[in-house]
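Colleague: Sequence:
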Amino acid sequence: MDKHAKIFLAGSNGLVGSALHRCLKAAGYTNLVTPEIDQLDLTNQQAVADFFRAEKPEYVMLAAAKVGGIHANNTYPAEFIYLNLAIQNNVIHNAYLNGVKRLLFLGSSCIYPKLAPQPMKEEHLLTGLLEPTNEPYAIAKIAGIKMCESYNRQYGTKFIAVMPTNLYGPGDNFHPENSHVLPALIRRFHEAKVTEAPEVVVWGSGTPKRELLYVEDMAAGCLHLMELSDETVARELLNYPAPCFVNLGTGEDVTIRELAETVAQVVGFRGNLAFDASKPDGTPRKLQDVSRMQQLGWRHTVGLKEGVARTYQWYLQNYRQG
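Each residue of the sequence shown is one higher than the last, beginning at 108 in my numbering.
In short, the hints are calculated from the structure, not lab data. Check before you lean on any hint, since a few could be wrong.
Here are the simulated lysine-lysine pairs, DSSO-like style, with alpha carbons at most 27 Å apart [as the list claims (entries may be wrong)]: (1) K228 <-> K253; (2) K208 <-> K265; (3) K253 <-> K132; (4) K208 <-> K316; (5) K110 <-> K163; (6) K316 <-> K300; (7) K300 <-> K386; (8) K228 <-> K132; (9) K132 <-> K173; (10) K316 <-> K132; (11) K316 <-> K265; (12) K300 <-> K265; (13) K228 <-> K265; (14) K386 <-> K316; (15) K173 <-> K253; (16) K412 <-> K386; (17) K208 <-> K113; (18) K173 <-> K316; (19) K110 <-> K228; (20) K221 <-> K253.
Quick list of the computed label-pair ranges, beta carbon to beta carbon [stated by the list, open to error]: (21) N120 <-> E186: 16 to 22 Å; (22) T137 <-> A161: 29 to 35 Å; (23) E143 <-> P184: 43 to 49 Å; (24) R129 <-> S398: 26 to 32 Å; (25) M108 <-> N379: 35 to 41 Å; (26) K412 <-> Q146: 25 to 31 Å.
By construction, the Cβ of each residue, glycine as well, lies at the ideal position given by its N, Cα and C atoms.
Using the sequences and the accompanying hints, generate a full structural model.
Modeller: Structure representation (structure tokens):
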């Protein structure tokens, strides 16, 4: 990509989008279009069409999405499927209509079957039933992948996708109920430390395993894909029926218990740790096979403990504590 090329970054304020924004600016890209939600409602078909006709972006990075943890997915299933389908349908279709050179669609590792072989390879998509707690969100993201693939096949577009594993880092959502597991743990352990609580109770049995990727690493991986040559993209990602998407992760995982212990250590909580097995565990394991991304020349650089420490520092600086 030319450093002056016009890049539309959809969803630039969220955890993913803000990291992509920082990464692009640090890499010297100067012509970034990042409308706020009050300037462009991505669920509004006409508004998105008007935006693309007016701005004519050369590249699109689609990070806008309705996201959340187990509780949010269980509570708002209609919002998760409707909003995500609407956003990606509007952006991907208008990228095609306006001749966008390359589009990057961000999905999620929850696209894979609940009982997928471990580690999960790209070709495991649609080989089994999804995890029920986040099925509406997963189906929307699968539709986004297939939309990219279908437009590539029919129209010769260069629409590719990444499936990041569980992301965390600066800009995360630390809501006590609607956040993902790591920010929820950071908040819970910090508040327990401040109030000198004797114990922290973690949802679930503690046995499920999760792979976690620091969001700055995710952004670097996405930019790496956007900067690949057209020849490499055509050979590796547009050669149907090979998948047009790649897993983006570390290839390493930890149990929820190990994760909670790491957060407690970083935060400095010295009380007891307990698990509420009456709460849902979600998928038993979600480890990605990241060999395809590594073959494309990228791998993560930030380890879990370092990433948790950076995220905790961001939390302390950005959230008012009691």
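Colleague: K316 and K132 were given as a pair; does the straight-line alpha-carbon distance stay at or below 27 Å?
Modeller: Since the Cα atoms of K316 and K132 sit roughly 34 Å apart, the hinted pair is violated (cutoff 27 Å).
Colleague: How does the Cβ-Cβ distance of T137 and A161 compare with 29 to 35 Å: does it lie in that range?
Modeller: At roughly 19 Å between Cβ atoms, A161 and T137 fall outside 29 to 35 Å, so the hint is violated.
Colleague: Indicate whether the distance between the beta carbons of E143 and P184 respects the range 43 to 49 Å.
Modeller: Check failed, 27 Å falls outside 43 to 49 Å.
Colleague: Check the hint pairing K228 with K265 against an upper bound of 27 Å on the C-alpha distance.
Modeller: 22 Å, holds
Colleague: Measure nothing beyond the straight line between the CA atoms of K316 and K265; if it is 27 Å or shorter, mark the hint as holding.
Modeller: 34 Å, violated
Colleague: Measure nothing beyond the straight line between the CA atoms of K316 and K300; if it is 27 Å or shorter, mark the hint as holding.
Modeller: 25 Å, holds
Colleague: Against the 27 Å threshold, does the CA-CA distance of K208 and K113 hold or violate the hint?
Modeller: 11 Å, holds
Colleague: Looking only at beta-carbon atoms, does the pair M108, N379 fall within the given range of 35 to 41 Å?
Modeller: 51 Å, violated
Colleague: Just to be careful, I want the Cα atoms of K300 and K265 compared with a cutoff of 27 Å; is the pair within it?
Modeller: Violated, at roughly 49 Å.
Colleague: Next pair to validate is K110 with K163; report whether the Cα-Cα distance is within 27 Å.
Modeller: Distance ~16 Å between K110 and K163 Cα, so the pair holds.
Colleague: What's the verdict on K221 and K253, does the C-alpha distance respect the 27 Å limit or exceed it?
Modeller: 19 Å, holds
Colleague: Going straight from one Cα to the other, do K132 and K173 come out at no more than 27 Å?
Modeller: 25 Å, holds
Taken one by one, the earlier hints fail for this structure at numbers 3, 4, 8, 10, 11, 12, 19, 22, 23, 25, 26, listed in ascending order.
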